[in-house]
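J.: This is what each chain is made of:
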Amino acid sequence: MSDALLSVNNFSVMYDVDPPVHAVTNIDFELRRGEILGLAGESGCGKTTLAYGIQRLLKAPAVITSGSVVFHDTSGQDIDISQLDIEDMRRFRWDKISMVFQGAMNALNPVATIGSQLEDVFEVHRPSMTKRERRDAVVELLEIVKVGGQRRRSFPHELSGGMRQRVMIAMALALRPQLMVMDEPTTALDVLVQREILRQISELRHTFGFSVIFITHDLPLLLEISDRIAIMRQGVIVELDTAERIWRDPKDDYTKQLLSSFPRLTGEKGLVNR
Amino acid sequence: MSLLEFDSVTKVYSVRGAGQIKALDDVSFTLESGQTIGLVGQSGSGKSTIAKILTQLETPSSGEVRLDGSAIPRRGRGLRSYRQQLRMVFQDPFASLNPYHSVRHHVERPLRLDHVVPAVQLDGEVRRLLGRVRLPESVADRRPHELSGGQRQRVAIARALASRPKFLVADEPVSMLDVSIRLGVLNLLAELQRDEGLGVLYITHDLATARHFSNEIIVLNQGRIVESGTADDVILRPTHPYTQELRAASPDPEKFFASASGSGTVSAPATAAVSGTEGGTR
Numbered sequence: 001m002s003d004a005l006l007s008v009n010n011f012s013v014m015y016d017v018d019p020p021v022h023a024v025t026n027i028d029f030e031l032r033r034g035e036i037l038g039l040a041g042e043s044g045c046g047k048t049t050l051a052y053g054i055q056r057l058l059k060a061p062a063v064i065t066s067g068s069v070v071f072h073d074t075s076g077q078d079i080d081i082s083q084l085d086i087e088d089m090r091r092f093r094w095d096k097i098s099m100v101f102q103g104a105m106n107a108l109n110p111v112a113t114i115g116s117q118l119e120d121v122f123e124v125h126r127p128s129m130t131k132r133e134r135r136d137a138v139v140e141l142l143e144i145v146k147v148g149g150q151r152r153r154s155f156p157h158e159l160s161g162g163m164r165q166r167v168m169i170a171m172a173l174a175l176r177p178q179l180m181v182m183d184e185p186t187t188a189l190d191v192l193v194q195r196e197i198l199r200q201i202s203e204l205r206h207t208f209g210f211s212v213i214f215i216t217h218d219l220p221l222l223l224e225i226s227d228r229i230a231i232m233r234q235g236v237i238v239e240l241d242t243a244e245r246i247w248r249d250p251k252d253d254y255t256k257q258l259l260s261s262f263p264r265l266t267g268e269k270g271l272v273n274r
Numbered sequence: 001m002s003l004l005e006f007d008s009v010t011k012v013y014s015v016r017g018a019g020q021i022k023a024l025d026d027v028s029f030t031l032e033s034g035q036t037i038g039l040v041g042q043s044g045s046g047k048s049t050i051a052k053i054l055t056q057l058e059t060p061s062s063g064e065v066r067l068d069g070s071a072i073p074r075r076g077r078g079l080r081s082y083r084q085q086l087r088m089v090f091q092d093p094f095a096s097l098n099p100y101h102s103v104r105h106h107v108e109r110p111l112r113l114d115h116v117v118p119a120v121q122l123d124g125e126v127r128r129l130l131g132r133v134r135l136p137e138s139v140a141d142r143r144p145h146e147l148s149g150g151q152r153q154r155v156a157i158a159r160a161l162a163s164r165p166k167f168l169v170a171d172e173p174v175s176m177l178d179v180s181i182r183l184g185v186l187n188l189l190a191e192l193q194r195d196e197g198l199g200v201l202y203i204t205h206d207l208a209t210a211r212h213f214s215n216e217i218i219v220l221n222q223g224r225i226v227e228s229g230t231a232d233d234v235i236l237r238p239t240h241p242y243t244q245e246l247r248a249a250s251p252d253p254e255k256f257f258a259s260a261s262g263s264g265t266v267s268a269p270a271t272a273a274v275s276g277t278e279g280g281t282r
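From first to last, the protein sequence lines stand for chains A and B. Going by the numbering used here, the first residue of the first sequence is number 1, and it counts up by one from there. Going by the numbering used here, the first residue of the second sequence is number 1, and it counts up by one from there.
The set of hints was computed from the structure by calculation and includes no laboratory data. Keep in mind the model is a prediction, meaning the values are calculated, not measured. Careful: at least some of the hints might be erroneous.
Simulated crosslink set (BS3-like; lysine-lysine; CA at most 25 Å straight-line) [stated by the list, open to error]: (1) K146/A - K96/A; (2) K256/A - K255/B; (3) K52/B - K22/B; (4) K96/A - K131/A; (5) K131/A - K146/A; (6) K251/A - K255/B.
Chain A on its own, in the form it takes in the complex (with noise of 0.2 Å):
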């Protein structure tokens, strides 16, 4: 068994409007086993369809006009995500691979309590279980990601911007899949209660060795979080490499004209022309 965990290989996806959009363009890259690897770059560069369209969480008008996903399970198992069918496609996801979607402000349900849409996973995913083992797992997975079992009752609006992102992170977590795509989980939130969310998803990484792919503009953050990055640009990963030969010697221009657009929070001034 390789280190890999997903190998994506000769992957595009075009939006089938007019005049169409080539949204994705003949990606290949290997995401490891247990790895953070971060995809960044501007609105619009592809990033989001990207990591959807690993998961084939894509809508029409987008089409996968090329490529493949494979995912090396641990059970030394090869999947070809193109090749299955809807029924194992639906048992696929959430099981192998979670999403932390954007926004996590608006992904929860306002009319249910957490502790009920944490329940849907199981009941959806192990409907084998029973009522109560659902519920001590709830409860077991807001300990984890410390709301506290006690919380489960709560809707999502008693609950603070960062105790919701929590949830979420509790619900990618609640069937241990192998990989989380995080869709910019901290954009919302200011910069305290970030560091601690990146801070738990740093421990959860270590307890339970899921890979993540982590989607953020925000590249300074990236750099801190991730093993590797890739940087996109216009569909094309144009670089990808460690976060700190990406920091120290970035190679492509548009690698390094994405680092110099960052104000620096210790650094040299003059970015600001004050």
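Fit chain B to the given chain A structure using the hints.
T.: Quick look at chain B alone, frame taken from chain A:
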């Protein structure tokens, strides 16, 4: 030269079930024209309450706001003329522009309401304002949905400038924008501020841009000012524990990669090589 004084302002909200909440506790500062103050603090620290009181959307429970020595009128023509001199740029350009109206309508409205220029000069003034924020004249007849986030925020800035204010309150003006255009909008604000001698209150929780964009920084925690001073002093040499905490939480690749890779607050990436060389390459 104009002077805006925020003098020992306390604001208490009564919340059903939770009693009284002190959103601001004896906060004082002054803002002069030509000066930029960065106001930083986490969610709930009282930043936006200050903006609301400055614009007189809320009245202080105690304390006073003064413009050039005189208290802000609570209503009527006096309040209107005060607001003409202090304008706001909001966080979300998708929500602060009316989707039914053209860009021209947005920029023209304050010109009409405050009788800034005679009616015959309206068109020229709209074009001048759009030029000021580097938008092509053709944008005037577009609607907000036809514009990008950065362009919309420029429209919002043009609208704020229309009544020729002396002060601008910018509440997270770039946090909803894409990183690659944030700098452009901040630079535009800095340039306008210099050219027009505006006093700007820049509200944000992004310490990096606050440092680069402001002359002075005020750090707010639970409604109190815990630290203030020149931008570099506050961010580079913070003395209050809360400021230090805020600083430590802000992503800072320079420090992260300089400090033997990984002693940072987030545990070290497994594959990142450990190296102790100082500073980044850039």
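J.: With reference to the structure, classify each hint as holding or not holding.
T.: Cross-check of the supplied hints:
1. K146/A - K96/A: The hint holds at about 23 Å.
2. K256/A - K255/B: 19 Å, holds
3. K52/B - K22/B: Satisfied, since the Cα-Cα distance of roughly 15 Å is no more than 25 Å.
4. K96/A - K131/A: 23 Å, holds
5. K131/A - K146/A: Holds - the C-alpha atoms of K146/A and K131/A are around 23 Å apart, at most 25 Å.
6. K251/A - K255/B: 22 Å, holds
Every hint, counting from the list given before, is met by this structure.
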